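The hints should help you fit chain C onto chain H, whose structure is shown.
Chains as they are written, first to last, in the working numbering: chain H, 7 to 255; chain C, -1 to 79.
Read the hints as simulated data drawn from the structure, not as lab findings. Small disclaimer: the values here were computed from a predicted structure and weren't measured. Glycine included, each C-beta is placed from N, C-alpha and C at the ideal position. Hints are supplied without guarantee of correctness; some may be wrong.
Pulled a few chain C residues facing chain H out of the computed Cβ check, cut under 8 Å [claimed, not checked]:
hint	residue
1	A53
2	G64
3	I67
4	L70
5	V71
Counterexamples of contact, computed for chain H against chain C with all Cβ distances above 12 Å [said to hold, decoys possible]:
hint	residue
6	E69
7	S153
8	L172
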Amino acid sequence: MASPLDQFIIKPIATFGQIGDSPIALTNSGLHMIGIVGFIVGAMLMSTRQAALVPDRWQAVAETLYEFVANMLRDATGKDGMRFFPLVFSLFLFVLVANLLGMVPGAFTVTSHIIVTFALAALVIGTVVIYGFVKHGFRFLGLFVPSGVPVWLLPFITVIEIISFLSRPISLSLRLFANMLAGHIALKVFAGFIVSLLAAAGAASILAPLPLLMTIAMVAFEIFVAGLQAYVFTVLTCIYLNDALHPGH
Amino acid sequence: MDPVTLAASADAYKFLGAGLACIGMGLAAIGVGNIFGNYLSGALRNPSAADGQFARAFIGAALAEGLGIFCLVVALVLLFG
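This is chain H alone, in the form it adopts within the complex (with noise of 0.2 Å):
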């Protein structure tokens, strides 16, 4: 029986040449990038294509994620945070359909390789840091630097703070990476309970439809997962917008 962990294999699908050791390669994951950024435009360009005062489904659903996403943003960063939508729109887009259709049987989840998910991250922190110093010169450095604290405490809060914000790429890329390939695995897992139960023939195979129906709660839960991990990384990078706008604390 394959390991849980064989639906993470990155396939090469057509090879163009090679640098050094490393193939230039079509991947299954870069397919499904293609595939994903290629569903969003298509969707997004359908569904306002004929936009109405009074919109038609489609359009309803495109305008329902746009409110979304610009209120989540707006009430993170205030009015001048709106600069940044296209970004924060984009990201959050881009991770839920990635995240959605891993759940499509058979499909590959892009958003399950830490790779993928700290490039998104490394791009959110790189816009803060850049934005942060372009705007703000060297007070953006006060955003390390806490009022109202104590003299004697200040060092321990600055170092405390530096390491905070140093940590913030790694925990925004982990969490969805993390979340995603553990409910992957879990998944397959239970799934392999039933094969099991099956092949091992007899009495007990009777308990099959258990974990099958185990399966089907997860698969559910999954789904919910998938749209909340989006729904988080969108959040924490509207917070960590909110920085680059407005250091002081």
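For chain C alone, coordinates are given in the frame of chain H:
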């Protein structure tokens, strides 16, 4: 592998470490349960203020859960790394 050779090998300590890391995941579960429990009890006392604090409850849960996930990663690195 028979128990005696397993106990003498480095693998035994890896498995012990992975098991110990799982305690941290349980503690993170207590933290997440605490957040949602308190959020619910607050929401039931004052339902009109519940929607405004919904996002904060999830941010707190995400941060608490992240620490549990660090434990999971430690366990996975010990087992497969």
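We went through each hint and held it up to the structure:
| no. | hint | in the structure |
| --- | --- | --- |
| 1 | A53 | 6 Å, holds |
| 2 | G64 | 5 Å, holds |
| 3 | I67 | 4 Å, holds |
| 4 | L70 | 6 Å, holds |
| 5 | V71 | 6 Å, holds |
| 6 | E69 | 20 Å, holds |
| 7 | S153 | 22 Å, holds |
| 8 | L172 | 14 Å, holds |
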